[in-house]
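Quick note, the sequences are listed as chains A and B, same order. When we follow our numbering, the leftmost residue of the first sequence carries the number 1, and every step to the right adds one. When we follow our numbering, the leftmost residue of the second sequence carries the number 1, and every step to the right adds one.
It is worth saying that the hints were derived from the structure and are not from the lab. One should not assume that every hint holds.
Stated by the list, open to error - Here are the computed lysine-lysine pairs in the DSSO-like style, where the Cα-Cα straight-line distance is at most 30 angstroms:
| hint | chain 1 | residue 1 | chain 2 | residue 2 |
| --- | --- | --- | --- | --- |
| 1 | A | K68 | A | K111 |
| 2 | A | K147 | B | K168 |
| 3 | B | K128 | B | K168 |
| 4 | A | K116 | B | K53 |
| 5 | A | K111 | A | K147 |
| 6 | A | K143 | B | K55 |
| 7 | A | K68 | B | K53 |
| 8 | A | K115 | A | K68 |
| 9 | A | K139 | B | K53 |
| 10 | B | K53 | A | K143 |
| 11 | A | K143 | B | K113 |
| 12 | A | K6 | A | K68 |
| 13 | B | K55 | A | K139 |
| 14 | A | K269 | A | K6 |
| 15 | A | K147 | B | K55 |
| 16 | B | K113 | A | K139 |
| 17 | A | K116 | B | K55 |
As the list claims (entries may be wrong) - To be clear about the criterion: a stretch of chain A counts as covered by chain B if any three or more of its residues have a C-beta under 8 angstroms from a C-beta of chain B, and this derived list gives those stretches:
| hint | stretch |
| --- | --- |
| 18 | 20-27 |
| 19 | 196-210 |
Positions of the beta carbon are idealized from the N, C-alpha and C atoms, including for glycine.
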Amino acid sequence: MRLLAKLQEIPYRVVYLLVLTVIILPFVIELKLPVFVSNETLMAYNTIEQLPDTQIVIFVSSWDAGIKGELWPQTEALMRHLMQRGIKFAIMSQIAQGASFAEEIAERVAKLYNKKYGVDWCNWGFLTGDAAMIQALAKNIPKTVQKDFRGTPLTDIPMMQGIEDISDVSLIIDIDYGPRPEWISFVHGPYGTPIIFGCASIVSSTLFPYIDSGQLAGLLVGVRGATEYESLLGYRGMGHKLIIPQSLAHLLIVILVLLGNIGYLAARKLQ
Amino acid sequence: MNLELFIWVEAICTLAIFSFLFRENPVYRLFEHIFLGLTIGFVLMKTWLEVLKPKWWDRLIYCIEVGDPHFWIWIIAFILGMMWYFQLSRRWYWISRIAIGISLGVGAGMEFKNQFMLIMPQITASFKPILVRNTQGMLQFSFNNFFMVFTIVAVLSYFFFSFEFKYKGMQLLPRAGRLLLMISFGAFFGNTVMTRFAVFIDRIQFLIQQWLHIGGG
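I would like the entire structure built from these sequences, with the hints used as guidance.
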């Protein structure tokens with residue numbers, strides 16, 4: 001019983017070592033786990049599958065290095081799908097670092113599908129102003145954005161010809177640590193434009209009600225959402241690389257929680 | 001700079017930050033300050049190049065050059081922006097309150113619209129039929145809807161403070177609400193663990209596969 005009671009006193013450095021071991025292991029030894037696609041990911045996939053190629057998609061990428069692990073694979077998977085389908089998209093960010101990361105991913109994916117900057121995709125860069133900017137963008141895109149990330153006037157970008165307001169936009173994708181609900185209230189609400197969110201797992205619980213109420217057309221949750229999307233597209237990317245160590249780490253945490261509780265109960269019996 | 005050098009710099013930075021897991025140390029602090037400085041510099045540069053310059057400075061200069069009589073609008077924007085900095089002075093603090101007042105007024109108006117557009121569809125979506133008919137998986141949908149409606153009522157009853165639930169049967173409802181809230185907090189915590197691990201695993205993947213070239217790249 002005393003031995004069991006000691007289970008709640010496992011030194012934290014031993015826990016760190018165990019976590020590190022289960023995380024490193026899948027990178028050294030190849031392991032495979034089945035992927036089951038959740039409803040919210042499938043909704044996002046189906047929405048993009050049904051998009052017309054006559055309008056553009058606004059791809060909001062407002063994440064930085066701190067959350068790269070979860071949101072890089074999501075951004076890549078969604079951009080792959082858009083380019084695969086030949087749907088033109090414009091990147092923008094509501095934080096300073098966001099547009100640079102999205103640009104890097106778009107350039108990589110564009111090489112795979114032989115897509116050109118300005119013709120198939122463009123980058124509007126960093127746009128501040130939150131709700132006010134979103135409302136202005138919905139009413140007049142060229143006036144709100146003016147120049148792209150590289151300083152080219154929007155009027156000189158071929159894919160932006162004829163793009164005036166939100167009626168020329170078929171979908172908004174917002175990939176963010178915690179996506180901005182203002183897109184729902186100021187774009188989906190008054191104009192009906194569908195919206196897909198990609199978020200860090202930590203905030204996903206707060207976003208599920210929007211799926212239930214039909215305000216979101218899809219939701220990608222952390223690495224899980226990215227991995228599911230990759231499997232729908234039929235490729236094994238960053239999501240697949242990260243999900244296996246993550247699953248093992250979760251399993252370890254569950255085991256440690258159980259052990260801690262066993263230790264707690266044993267200690268209570270001893271008293 | 002070649003890619004290999006970039007990877008080495010990134011690996012050293014990652015390891016320096018991870019050194020905090022062992023204990024607080026000068027290397028960690030040095031890199032923490034480097035990151036802070038870099039971030040502030042980067043945001044300042046981006047804000048000037050991508051926001052202030054094209055959307056304010058260039059427009060002001062253009063208006064002056066073409067003789068647009070409305071150029072003063074951009075000067076007012078500058079004055080309003082500068083008002084915020086009077087917060088740093090005890091004597092002139094009151095000037096910053098004008099800017100704060102305008103921001104609060106505009107913000108409150110927008111937030112009202114925002115919340116209305118966000119919450120109303122969710123309230124209407126909460127009114128679900130408990131008995132779903134003429135659908136495939138009728139039992140499953142009915143159970144889901146019943147569970148959702150029950151959760152809403154139970155959680156609302158937990159936050160109902162106007163009178164005491166005296167009868168034992170009635171006390172069960174807020175208790176169920178508390179239990180359901182605890183379950184949802186558990187889900188929040190589970191998701192927190194998921195995000196923290198994803199961030200950590202991304203760095204480990206970088207160190208193992210891109211820096212040390214172990215396993216499949």
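Status of the hints after comparison with the structure:
1. K68(A) / K111(A): holds, 21 angstroms
2. K147(A) / K168(B): violated, 66 angstroms
3. K128(B) / K168(B): With a Cα-Cα distance of about 28 angstroms, the restraint between K128(B) and K168(B) holds, given a limit of 30 angstroms.
4. K116(A) / K53(B): Cα-Cα ~27 angstroms, so holds.
5. K111(A) / K147(A): holds, 24 angstroms
6. K143(A) / K55(B): Cα-Cα ~10 angstroms, so holds.
7. K68(A) / K53(B): OK: K68(A) and K53(B) at ~29 angstroms, within 30 angstroms.
8. K115(A) / K68(A): holds, 24 angstroms
9. K139(A) / K53(B): holds, 23 angstroms
10. K53(B) / K143(A): holds, 15 angstroms
11. K143(A) / K113(B): holds, 23 angstroms
12. K6(A) / K68(A): Not satisfied, since the Cα-Cα distance of roughly 38 angstroms exceeds 30 angstroms.
13. K55(B) / K139(A): holds, 17 angstroms
14. K269(A) / K6(A): Holds - the C-alpha atoms of K6(A) and K269(A) are around 13 angstroms apart, at most 30 angstroms.
15. K147(A) / K55(B): holds, 9 angstroms
16. K113(B) / K139(A): Given pair K113(B), K139(A) holds - Cα atoms ~17 angstroms apart, limit 30 angstroms.
17. K116(A) / K55(B): OK: K116(A) and K55(B) at ~27 angstroms, within 30 angstroms.
18. 20-27: This one holds; 4 residues, not fewer than the three required, reach chain B with a Cβ under 8 angstroms.
19. 196-210: holds (count 8)
Hints 2 and 12, counting from the list given before, are not met by this structure.
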